[in-house]
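Enquirer: Listed below are the residues making up each chain.
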Amino acid sequence: MKSMTEPAAANRSVAAQAKKRRKKEASTFWTVGPVTIWMIIFFLLPLLLVLGVSFFTRSVFGGIQPPLTLENYVRFFDPLYFKILWISCVLAFTTTVICLVIGYPFAGIIARAPAKYRNILLLLIIVPFWTNSLIRTYAWIVLLRTEGVINTVLLKLGLIDQPLELLYNETAVLIGLVYTMLPFMILPLYASIEKLDRSLLEAAADLGANSRQIFWRVTLPLTMPGIMAGSLLVFIPSLGLFFIPDLMGGSKTVLIGNLIKNQFLTARDWPFGSASSIILMALTLLFITIYIFITKDKQGKGLV
Amino acid sequence: MSETMVELLNVMKRFDQHTVVNRLSLSIRKGEFITLLGPSGCGKTTTLRMIAGFDEPTSGDILLDGEPVQGRPPYERDVNTVFQSYALFPHLNAYDNVAFGLRVKKVPKAAIEERVRQALRLVQLEDYAKRKPDQLSGGQKQRIAIARALVNNPKVLLLDEPLGALDQKLRKQMQVELKHLQKQLGITFIFVTHDQEEALTMSDRIAVMNKGVLEQVGTPEEIYEQPATRFVAEFIGETNLLTGTVRLCDNRRLVVDCDGIQVAAVSRTQIPENEKVTIAIRPEKSKLSLDPSADAGVVQLSARLTERIYCGGMTKTIVSLPGGKQFVALEKTDQLLPVVEGDELFVSWNPEHGVVLTR
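Chains Z and H, in that order, give the protein sequences.
Numbering that gives the first Met the number 0 puts the first sequence at residues 0 to 303.
Numbering that gives the first Met the number 0 puts the second sequence at residues 0 to 358.
Same shape as in the complex, but just chain Z:
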């Protein structure tokens, strides 16, 4: 009898284990599953769609048709488009630098403010997000245009004889980009400055460093993750923001974002627009890789 029950018991325990494993698998499915499905439907499939379209040929009526071709990618390497990409990068880089220069002291002041004001100050940084950025861009137009608020005031005060050309040039685009992107720089900077251990600054002073030396030798290197994260968060969207150059640059400045938008909406050349998007995305990935490489921030902790 005994020899009969033992294998039976072993079988039961194997069955129990299998049940347990199935249960565990089920719970894994319910935690990771929805996110995965969401990402597949709303991220991976569209991406594959774009990738697919980029290999087709434009049809006469703006649709897509075979044959499959690499022509769209080859076309992008035309000096004209390369120049657009170059100008976009320069403008995005300039935006990033200006945001950093303005944002760093800004974040520093908030991080060092008394605790009771700190949250209010942070809230004030976030409040503009509650208004659509398109509307905020129109507000800038009201300020900057020839009969706008700034010119009117300056004329009335007699400081200028004729209106300044504030709108529809690269400076205007830069103002718009810096204004829109600044919070994305301030928030990660704030996080890293706030985390900075005050006793390290005291230790530096104790060892004979004046405030300038403390900044360059301690504060700056220790807040580098925030600087990198903020720069990335400003640089990448700046490449793709099309409505600011459209509205504030008067369509005179064509950037990579506008190029893509125009291919889809105006030129109705979806394959080329898709190819441009893929190239921009590849470029973005390259920058993120460089970021990870420089900061060794493998989990992207500085970015969230």
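It should be emphasised that the hints constitute simulated quantities derived from the structure, not laboratory data.
Model, not experiment: these values are computed from the prediction.
One thing to keep in mind: the hints can contain errors.
Lysine to aspartate or glutamate pairs mimicking EDC-like chemistry, simulated, CA-CA at most 20 angstroms apart [said to hold, decoys possible]:
no. : chain 1 : residue 1 : chain 2 : residue 2
1   : H       : Lys171    : H       : Glu196
2   : H       : Lys104    : Z       : Glu201
3   : H       : Lys131    : Z       : Glu70
4   : H       : Lys154    : Z       : Glu201
5   : H       : Lys171    : H       : Asp194
6   : H       : Lys331    : H       : Asp342
7   : H       : Lys104    : H       : Asp133
8   : Z       : Lys115    : H       : Asp64
9   : H       : Lys284    : H       : Glu330
10  : H       : Lys178    : H       : Glu160
11  : Z       : Lys194    : H       : Asp15
Dock chain H against chain Z, hints included.
Expert: Showing chain H alone in chain Z's frame:
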């Protein structure tokens, strides 16, 4: 060249309405190992920070090597600090941490190299120069922090509870090392701690602080044997306090009535009759016996055994005096009296060993 290295004159520090340090005057000698001892919140760290220059006194003066340092920022003071949390720069390795002070002072490269090596050798961490702080153990971090401060040849080294984060064994070892280092270098050390044992073993002198007030300054022996106040007697080591009224005072020989028990004591000063006093008796100065002592010169009280606490070689024996007051005595664990809880016995001590405290 004065013999005094640091002079605190009537130093006051207030934060808002709260007085953290109150009229502190203290003179610290050159090459001395002095400890500021007190419970947390007694103002000892604030005092240290005022010497370092992180906080400015509300009033009073601080002189460093004879010069007033009022208004001088930390980087213009010839003192260095070893912080409680070590405050090592996480982005720099051990070598660069130690070199930091020399680099910001623009010391020539070759000299930096030599002095840093020497400092690392001093703390026996030459082989760890390339390690980042997060690759060092607590004790190693501690030593790098000490090397980083000492490499600047400060006139005074300030240590803010530097051993607080270390485990007991490492702590003991570092105490000895620090003491040796101080003797070897001859630098004035101002050490802040709340650990009375640490203060007793390491210091040339101890300054006991309580609620921002300096209670007593003296050698470890003076502080332990002749506490000046009730606070000092209670804070340093274990002690029995008997409070009562002076009934008789004859040329510093007192008889004090403590809740009906008559206790003889010898005071250092004349104390008028009917004055409230406290007599402090260290457990190791008292003796337990089964029979009353024949010696009429000792203070002798009958008591009942309440509790025995085993402490290794010694056993802490708590007895209750006739008024119900608890009294702690010590017995050698291998020579315990043959009594059990509730049994009667006698506790006695030499009146010379009862320290009379008036505040």
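Enquirer: A separate judgement is required for each hint: does it hold in the structure or not?
Expert: Each hint tested on the structure:
For the given pair, H:Lys171 sits about 10 angstroms from H:Glu196 by alpha-carbon distance, which is consistent with the 20 angstroms threshold. Simply put, H:Lys104 and Z:Glu201 have alpha-carbon atoms about 16 angstroms apart, close enough for the 20 angstroms limit, and the pair holds. Taking the CA atoms of H:Lys131 and Z:Glu70, the gap is about 52 angstroms. The hint is violated against a cut of 20 angstroms. Distance check on the hinted pair: H:Lys154 and Z:Glu201 sit about 19 angstroms apart at the alpha-carbon level, within 20 angstroms; holds.
Of the pairs offered as hints, the one joining H:Lys171 and H:Asp194 holds, with about 12 angstroms between alpha carbons and a cut-off of 20 angstroms not exceeded. Simply put, H:Lys331 and H:Asp342 have alpha-carbon atoms about 18 angstroms apart, close enough for the 20 angstroms limit, and the pair holds. Our distance criterion of 20 angstroms between C-alpha atoms is broken by H:Lys104 and H:Asp133, whose separation comes to about 26 angstroms. Taking the CA atoms of Z:Lys115 and H:Asp64, the gap is about 42 angstroms. The hint is violated against a cut of 20 angstroms.
The straight-line distance between the Cα atoms of H:Lys284 and H:Glu330 is roughly 11 angstroms, inside the 20 angstroms bound, and the hint therefore holds. Proposed proximity of H:Lys178 and H:Glu160 is supported: the alpha carbons are some 14 angstroms apart, at most 20 angstroms. With a C-alpha separation of about 26 angstroms, the suggested pair Z:Lys194 and H:Asp15 falls outside the 20 angstroms cut-off, and the hint is violated.
In terms of the numbered hints stated before, the structure departs from hints 3, 7, 8 and 11, listed from lowest to highest.
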